[in-house]
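Visitor: Here are the chains, one letter per residue:
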Amino acid sequence: MSHHKLEVKNLSFTYPDGHKAINEMSFIIHHGESVGIVGENGAGKSTLLLLLMGVLFPSQGEVMVGDVHVTKKTLPLIRQRLGMVFQDPDDQLFMTTVYDDVAFGPRNYRLDEKEVENRVMQSLDMVGISHLKDRAPYKLSGGEKRAAAIATVLSMQPDVLIMDEPTSSLDPKSRRRVMELLKGFEHTKIITSHDLDMVFEICKRTIVIKAGKIAADGLTSEILADEELMDACGLEVPLALQSCPVCGSKKKNI
Amino acid sequence: MSSISNSLYNIEHLDDLARKETFVHKLHPLVKLIVTLAFLTMVASFGRYEIERLLPLFLYPVIIITLAELPIAPIFKRLLIVEPFIIGIGILNPFFEKKTFVLAGLTLSTGWITFLSIFIKSGLTVASVLLLVATTGMDRLAAALRMLRIPRLFVLQLLLTYRYISVLMEEAERMLRAYALRSPLQKGIHISDWGSFAGQLVLRTFDRAQRVYRAMCVRGFTGEYNTGEHIKFKMADILYLVGWLLFFVVTRMYNIPMLIGTLFTGVIK
Chain A
1 MSHHKLEVKN
11 LSFTYPDGHK
21 AINEMSFIIH
31 HGESVGIVGE
41 NGAGKSTLLL
51 LLMGVLFPSQ
61 GEVMVGDVHV
71 TKKTLPLIRQ
81 RLGMVFQDPD
91 DQLFMTTVYD
101 DVAFGPRNYR
111 LDEKEVENRV
121 MQSLDMVGIS
131 HLKDRAPYKL
141 SGGEKRAAAI
151 ATVLSMQPDV
161 LIMDEPTSSL
171 DPKSRRRVME
181 LLKGFEHTKI
191 ITSHDLDMVF
201 EICKRTIVIK
211 AGKIAADGLT
221 SEILADEELM
231 DACGLEVPLA
241 LQSCPVCGSK
251 KKNI
Chain B
1 MSSISNSLYN
11 IEHLDDLARK
21 ETFVHKLHPL
31 VKLIVTLAFL
41 TMVASFGRYE
51 IERLLPLFLY
61 PVIIITLAEL
71 PIAPIFKRLL
81 IVEPFIIGIG
91 ILNPFFEKKT
101 FVLAGLTLST
111 GWITFLSIFI
121 KSGLTVASVL
131 LLVATTGMDR
141 LAAALRMLRI
151 PRLFVLQLLL
161 TYRYISVLME
171 EAERMLRAYA
181 LRSPLQKGIH
191 ISDWGSFAGQ
201 LVLRTFDRAQ
211 RVYRAMCVRG
221 FTGEYNTGEH
231 IKFKMADILY
241 LVGWLLFFVV
251 TRMYNIPMLI
261 GTLFTGVIK
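Protein chains in written order, with UniProt numbering: chain A, 1 to 254; chain B, 1 to 269.
If we strip away everything but chain A, and leave its shape as in the complex, we get (with noise of 0.2 Å):
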């Protein structure tokens, strides 16, 4: 379906301190697929990020989701298609109930209040944490934490999920839990984030970025399998793809 596409033409960015962020980007991408956007520190990840939601502006280039051109004037539109999940939860979790948290984004678009109820549930049940919904924000663990911040985006029913680093500061188990949640969306993913292994897993494409500048793209399997590219990215063969650090066996599902 073409109006799901989401299209970076030649974009550029620039910080008003004179730092370019973002240099000359291209990039498409459709419907339904799962994309890994990895490279190190200051790459320009976050970035690229805000530009696509709309909370920065490319001093070059343009971003359409569809065909629709990221603009001022189409933010509203924009924003209800692109979910975005932020790195800290506690930045996007501000109202007093996590239940009004994820009702904040349905009422901003003036829905009815049983549609927004309707919604509300759903999103908490999607991501299994309809019992905390009278819960406060600030009082629920790291991973319910971050379950609840991915419930106020799936509440707004968006086309296309982006989430900085979704599992960063988790412990192993509940990082499972959000990367089979994520397994589980039908949504185009869009997905930036330094643990590689959940790329691996959970993305089919891969975007490497490097100094503003895309290095690689292409199958996730053939990318962060490169030795040689990982490295000049200042990143690392997931280590699902190293070798057994006990009897130094190579893994064989490469």
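The set of hints was computed from the structure by calculation and includes no laboratory data. Take the hints with a grain of salt, since some may be wrong.
As the list claims (entries may be wrong) - Distance condition first, Cα-Cα at most 30 Å in a straight line; then the derived DSSO-like pairs of lysine-lysine:
id	chain 1	residue 1	chain 2	residue 2
1	A	Lys210	A	Lys72
2	A	Lys210	A	Lys20
3	B	Lys20	A	Lys139
4	A	Lys73	A	Lys5
5	B	Lys232	B	Lys20
6	A	Lys5	A	Lys210
7	A	Lys114	B	Lys232
8	A	Lys20	A	Lys204
9	A	Lys133	B	Lys234
10	A	Lys114	B	Lys20
11	A	Lys114	B	Lys26
12	A	Lys9	A	Lys73
13	A	Lys213	A	Lys9
14	A	Lys72	A	Lys9
15	B	Lys77	A	Lys139
16	B	Lys234	B	Lys26
17	A	Lys5	A	Lys213
18	A	Lys139	B	Lys26
19	B	Lys232	A	Lys133
20	B	Lys20	A	Lys133
21	A	Lys213	A	Lys73
22	B	Lys26	A	Lys133
23	B	Lys234	A	Lys114
Use these hints to put chain B onto chain A, whose structure you have.
Guide: Leaving out everything else, chain B in the frame of chain A:
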């Protein structure tokens, strides 16, 4: 360090209280706002020597606390926080006022009466506003203000300030913790570090506030804060409003303590 996290907890505690579901909590926020405003006007309307006429008004906080099943200690503690300022305002009255009166053989300045009146009035007004927040919550209170056609900008300002207080305090607490752990030999922050500490705090808060604001924008925030509730006026709301207004009018028109007094002394005679 602990005092900051304590006060953070305290702020959030009011929100917790506001989530209870008692009779008072379920009332329409606008009704509660109007009753509070009426109460404030009423307290302020009595002259500075009329302390005995303020006494019946104590019923208001007592009844609200009871009906709303609020714990007394946290409300009282917050009252104590303002008292030093009140005492600061009123403490000079006994020295400046020349008139005197005699109580149990002691000749005292009437300044003591005005001081006491300031003390009682401030206690009553601050308590009533605290009770309003603790039974209504900031969100619904803002909705009520909007219903009164207070401009959107002001209401938003109020809500976001309230929201960002905790953001600011969280940042301050983190910085203090990091500071304290690396300076075990001193208490508090050394004066030479105040500048950079305050500057850091401002910058960090800007940063944090911007991230929170972005997260709001991304979810379609356009400046209107929707609490989603369109509560209708119920019979209980109207009764509550009329009941309190009637009580206020009666205490304003009749000197109830005096009436009760004469009733008793009359009976004794």
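Visitor: Name the hints, by number, that the structure is in violation of.
Guide: Failing hints: none at all.
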